[in-house]
Amino acid sequence: MPETDTGTATRKLIWRVAEVSKIIDETPRVKSLVLDVPGWPGHRAGQHVDVRLTAEDGYQAQRSYSAASEPESAHVMLTVERLEGGEVSSYLAANVQPGDRLELRGPIGGYFVWTVAVGGPLFLVGGGSGIVPLMAMLRHRAAAKSTIPAVLLYSARTFNDIIYRQELDGMAARNDGLRVAYTLTRRQPPGWSGGARRIDGRMLESIGLPASARPRIFICGPTSLVEAVAQSLSALGHERSLIKTERFGPTGR
Amino acid sequence: MTQPPISRGFRGRRSDGPTERLPPGQHLVSDFPVLSAGPTPKTKLEDWRFSLYDGHTALAEWSWADFQSLPQTSLKVDIHCVTSWSKLDTHWQGVTIDTLFEAAGVSEPPTSFTMIHSEGDYTTNIPVEDLIEGKAMVATRYEGDPLEAVHGGPARLLVPHLYFWKSAKWVRRLQFIPDDEPGFWEELGYHMYGDPWREQRYAGD
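Residue numbers (my numbering), protein chains in the order written: chain A, 1 to 253; chain B, 1 to 205.
None of these hints come from the bench; they were simulated from the model.
Mixed in with the good hints, there may be bad ones.
Pulled from the structure, derived: some chain B residues nowhere near chain A, Cβ distances all over 12 Å [unchecked claim]:
#1 PHE10
#2 ASP54
#3 THR90
#4 LYS135
Subject to a maximum C-alpha distance of 16 Å in a straight line, what follows is the list of computed EDC-like cross-link-like pairs (lysine to aspartate or glutamate) [to be verified]:
#5 A/LYS145 / A/GLU227
#6 A/LYS145 / A/GLU103
#7 B/LYS87 / B/ASP54
#8 B/LYS76 / B/ASP179
#9 A/LYS12 / B/GLU199
#10 B/LYS135 / B/GLU187
#11 A/LYS12 / B/GLU148
#12 A/LYS12 / A/ASP25
#13 B/LYS87 / B/ASP47
#14 B/LYS42 / B/GLU148
#15 A/LYS145 / A/GLU70
#16 B/LYS42 / A/GLU84
#17 B/LYS76 / B/ASP89
#18 B/LYS44 / B/GLU187
#19 A/LYS12 / B/ASP98
#20 B/LYS87 / B/GLU20
#21 B/LYS76 / B/ASP145
#22 A/LYS244 / B/ASP145
#23 B/LYS87 / B/ASP130
#24 B/LYS42 / A/ASP176
#25 A/LYS244 / B/GLU20
We put the CB at the ideal spot given by N, CA and C, even for glycine.
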C-alpha cells in the first residue's frame with residue numbers, strides 16, 4: 001500500500017504570471033510559445049500546465065496544455081494548434097506576441113511521465129499535436145545524453161503538419177539509440193519513403209519494439225488514434241500496465 | 001492578489017447556455033471528451049462483477065444479471081471535468097448507491113470513507129456521505145444506450161457533484177475504509193475531495 005501523503009495540502013499550485021519571450025512557427029496551424037515563468041518549480045517530461053487568459057472585462061478562460069520543453073530547459077514551452085472553436089488555443093496561436101503576459105500554474109499530472117531514471121526502452125506513439133508531451137520526453141532524453149533505446153512513431157496528416165520535424169530528424173541523426181518514423185495519413189510528398197496510412201497493428205509491429213523488450217509505451221493523440229493503438233499494442237502482447245495514454249480531443253484545448 | 005494580466009483582444013467564446021450552472025473556471029462543451037490513463041478494458045458482461053467490501057470482508061457481490069434486476073434509477077445531471085469542460089443535462093441510468101446498500105443489507109455504513117476500485121487498478125476516494133441519499137449511482141446506460149467502453153462501460157460510478165475523475169470508469173468494487181486515503185489521481189496531486197464549485201482541482205486548492 002502506498003503511504004498516505006499528508007503533506008500534499010501544503011503544495012498549493014499557485015497561478016504565476018508568465019511572459020512570452022519567443023514565438024516559433026512550427027507548422028501553418030501550430031505555434032510554440034516560449035515562456036519565462038519566474039519561480040517555476042520545474043516539471044517532468046509529460047506533465048501539463050493550466051493556462052488562464054483574462055479579457056479586458058474580467059472574463060476568464062482556462063485550459064490544460066502539455067509542456068513541450070524538457071525539465072532541463074530554463075523556459076517552459078507550450079505548443080498550440082489553431083483549432084476551430086478552440087477558445088484559448090485559437091487566441092494563443094493567432095494573437096499572442098512576444099512580451100505578452102498570461103497566467104499559468106502547474107506542473108500537473110504524474111502518470112503520463114517519463115524520466116531517464118525510469119529507464120526504457122521507450123516506445124512513443126503520437127498523432128498530430130499529441131507529439132507535444134512525447135517531445136518533452138525526447139528532449140529530456142537528449143538533454144540527459146541518454147542512450148536508452150527509443151522509438152517514436154508519429155502520425156501527421158501531411159509532411160508540412162509534422163511538428164518539430166527538423167529537431168526530430170536532428171535527434172535521430174545523432175545515432176544514440178533513437179529511431180523516428182513518420183506516417184502521413186492524408187497526402188505524401190513525391191518520393192516519400194515513410195508510412196502512408198493510419199497507424200495499425202502491422203505498422204506498430206514492423207516499426208515498434210516487440211513486447212518481449214517490455215518497452216514503456218506512451219500514446220498521445222486524438223481519441224480514435226489512442227484507442228486503436230492501445231488495443232493493437234495489447235493484442236501484440238504488450239502488458240497493459242506498461243501502456244500509458246493521453247488524449248487530445250477537439251475540445252478542452 | 002495582484003490583478004491578472006489582460007490579454008489584449010481576447011474576448012473568449014462566452015457560453016450562450018445557463019452560465020449560472022457553470023462552476024468557476026469551467027466552459028461548456030457539447031461533445032463528450034474521453035480521458036483515461038491507459039488502454040480501455042473490454043469486459044465481457046458474463047465476467048463482470050460488482051462487489052461491496054468492508055475493509056477486506058466481502059459484504060455482497062452482483063453479477064451483471066443480478067445487477068440488472070435491481071431497481072433502476074434515471075438521473076439528469078450536469079458533469080464537470082477537472083480539465084475544465086462541463087456538460088449540461090446528461091441522462092444516466094443505473095443503480096443508486098442507496099439501492100446497493102439496501103440490497104446488501106447495509107442499513108448503517110460501517111465507516112465514513114470509501115475507496116472505489118476499477119478494472120486496471122484505478123482507484124478514487126469518496127466520503128460515504130457523498131454517495132448516499134440519491135447523490136451517486138453505478139451507471140450502466142447513457143442517453144438511453146448501454147454505456148460505451150470508452151466512457152466507462154459496462155458500468156461507471158456517477159458522482160456528478162464532484163469533478164468527473166471521481167466518477168470512476170469501469171467500476172468494480174466499493175470498499176468501506178476507516179480513514180480517508182488518496183486514490184490514483186489524488187496520489188498524483190489532484191484534490192482529495194474535488195468540489196467543482198470550490199474549484200478543488202489540485203492538492204491545496
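Taking the hints in turn, this is what the structure says about them:
| no. | hint | in the structure |
| --- | --- | --- |
| 1 | PHE10 | violated (5 Å) |
| 2 | ASP54 | holds (17 Å) |
| 3 | THR90 | holds (15 Å) |
| 4 | LYS135 | holds (24 Å) |
| 5 | A/LYS145 / A/GLU227 | violated (32 Å) |
| 6 | A/LYS145 / A/GLU103 | violated (32 Å) |
| 7 | B/LYS87 / B/ASP54 | violated (34 Å) |
| 8 | B/LYS76 / B/ASP179 | violated (31 Å) |
| 9 | A/LYS12 / B/GLU199 | holds (13 Å) |
| 10 | B/LYS135 / B/GLU187 | violated (24 Å) |
| 11 | A/LYS12 / B/GLU148 | violated (36 Å) |
| 12 | A/LYS12 / A/ASP25 | violated (34 Å) |
| 13 | B/LYS87 / B/ASP47 | violated (32 Å) |
| 14 | B/LYS42 / B/GLU148 | holds (10 Å) |
| 15 | A/LYS145 / A/GLU70 | holds (13 Å) |
| 16 | B/LYS42 / A/GLU84 | violated (33 Å) |
| 17 | B/LYS76 / B/ASP89 | holds (6 Å) |
| 18 | B/LYS44 / B/GLU187 | violated (30 Å) |
| 19 | A/LYS12 / B/ASP98 | violated (35 Å) |
| 20 | B/LYS87 / B/GLU20 | holds (13 Å) |
| 21 | B/LYS76 / B/ASP145 | holds (14 Å) |
| 22 | A/LYS244 / B/ASP145 | violated (28 Å) |
| 23 | B/LYS87 / B/ASP130 | violated (20 Å) |
| 24 | B/LYS42 / A/ASP176 | violated (38 Å) |
| 25 | A/LYS244 / B/GLU20 | violated (36 Å) |
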